[in-house]
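If you read the protein sequences in the order shown, they are chains W and R.
The numbering used here numbers the first residue of the first sequence as 1 and each following residue consecutively.
The numbering used here numbers the first residue of the second sequence as 1 and each following residue consecutively.
Keep in mind the hints are simulated off the structure, nothing from the lab.
Heads up, a few of these hints could be off.
Said to hold, decoys possible - Here are some, though not all, of the chain R residues that point toward chain W, as calculated from beta-carbon distances under 7 Å:
no. : residue
1   : 24
2   : 41
3   : 43
4   : 53
5   : 54
6   : 57
7   : 63
8   : 65
9   : 66
10  : 85
11  : 106
12  : 115
Beta carbons: idealized from backbone N, C-alpha and C, even for Gly.
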Amino acid sequence: KQEVTQIPAALSVPEGENLVLNCSFTDSAIYNLQWFRQDPGKGLTSLLLIQSSQREQTSGRLNASLDKSSGRSTLYIAASQPGDSATYLCAVEAGSYQLTFGKGTKLSVIP
Amino acid sequence: GAGVSQTPSNKVTEKGKYVELRCDPISGHTALYWYRQSLGQGPEFLIYFQGTGAADDSGLPNDRFFAVRPEGSVSTLKIQRTERGDSAVYLCASSSSGQLTGELFFGEGSRLTVL
Numbered sequence: 001k002q003e004v005t006q007i008p009a010a011l012s013v014p015e016g017e018n019l020v021l022n023c024s025f026t027d028s029a030i031y032n033l034q035w036f037r038q039d040p041g042k043g044l045t046s047l048l049l050i051q052s053s054q055r056e057q058t059s060g061r062l063n064a065s066l067d068k069s070s071g072r073s074t075l076y077i078a079a080s081q082p083g084d085s086a087t088y089l090c091a092v093e094a095g096s097y098q099l100t101f102g103k104g105t106k107l108s109v110i111p
Numbered sequence: 001g002a003g004v005s006q007t008p009s010n011k012v013t014e015k016g017k018y019v020e021l022r023c024d025p026i027s028g029h030t031a032l033y034w035y036r037q038s039l040g041q042g043p044e045f046l047i048y049f050q051g052t053g054a055a056d057d058s059g060l061p062n063d064r065f066f067a068v069r070p071e072g073s074v075s076t077l078k079i080q081r082t083e084r085g086d087s088a089v090y091l092c093a094s095s096s097s098g099q100l101t102g103e104l105f106f107g108e109g110s111r112l113t114v115l
């Protein structure tokens, strides 16, 4: 059974810092990996999707990498802003149309 | 509508009651998913529809849970004889294809509290 772990569970940084969120998964036979953002009391917003054949994806200040063989992904956020404060969730799909999610990393960016 | 719409946003019910949660996906999206998110956890898969049919219902926890999508658009998640452990946020998502190569669009969820 696929398990997804996200470290750290919570992170607090001052505004302007660059930061890295980590995601690991136990079964490397994945179809794709996605990073989502969740604001309190809200649904999930897709940030980046990396296909299994890709190594990274970039969108603005966000960069996500994927190392399928080692079962790891990182989400890099450059020049963090208070508006980046949210919970970030990593999810993998193994070809069964089901996403397996981690528990998320709660990010707080302090002005 | 512009996004995935879920109603009600909040539902409080008593143990043993029947509950229906509705999801209105983005127009034209053929794939629809239900997930359940408990406090402090990531969402867990419940069921996936491609068109009108449930292509995968392996995530439904037991036979008290049932979902339908009769016309291939709106979906209803039905929970019979609710239990306190059913309390969670129920999230609906849709995508333009059944292949998860595309982006999933989530609604804001229906928060269910069973007293």
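So, against the hints stated earlier in the document, which numbers end up violated here?
Hints 1, 4, 5, 6, 7, 8, 9, 10 and 12 contradicted; others consistent.
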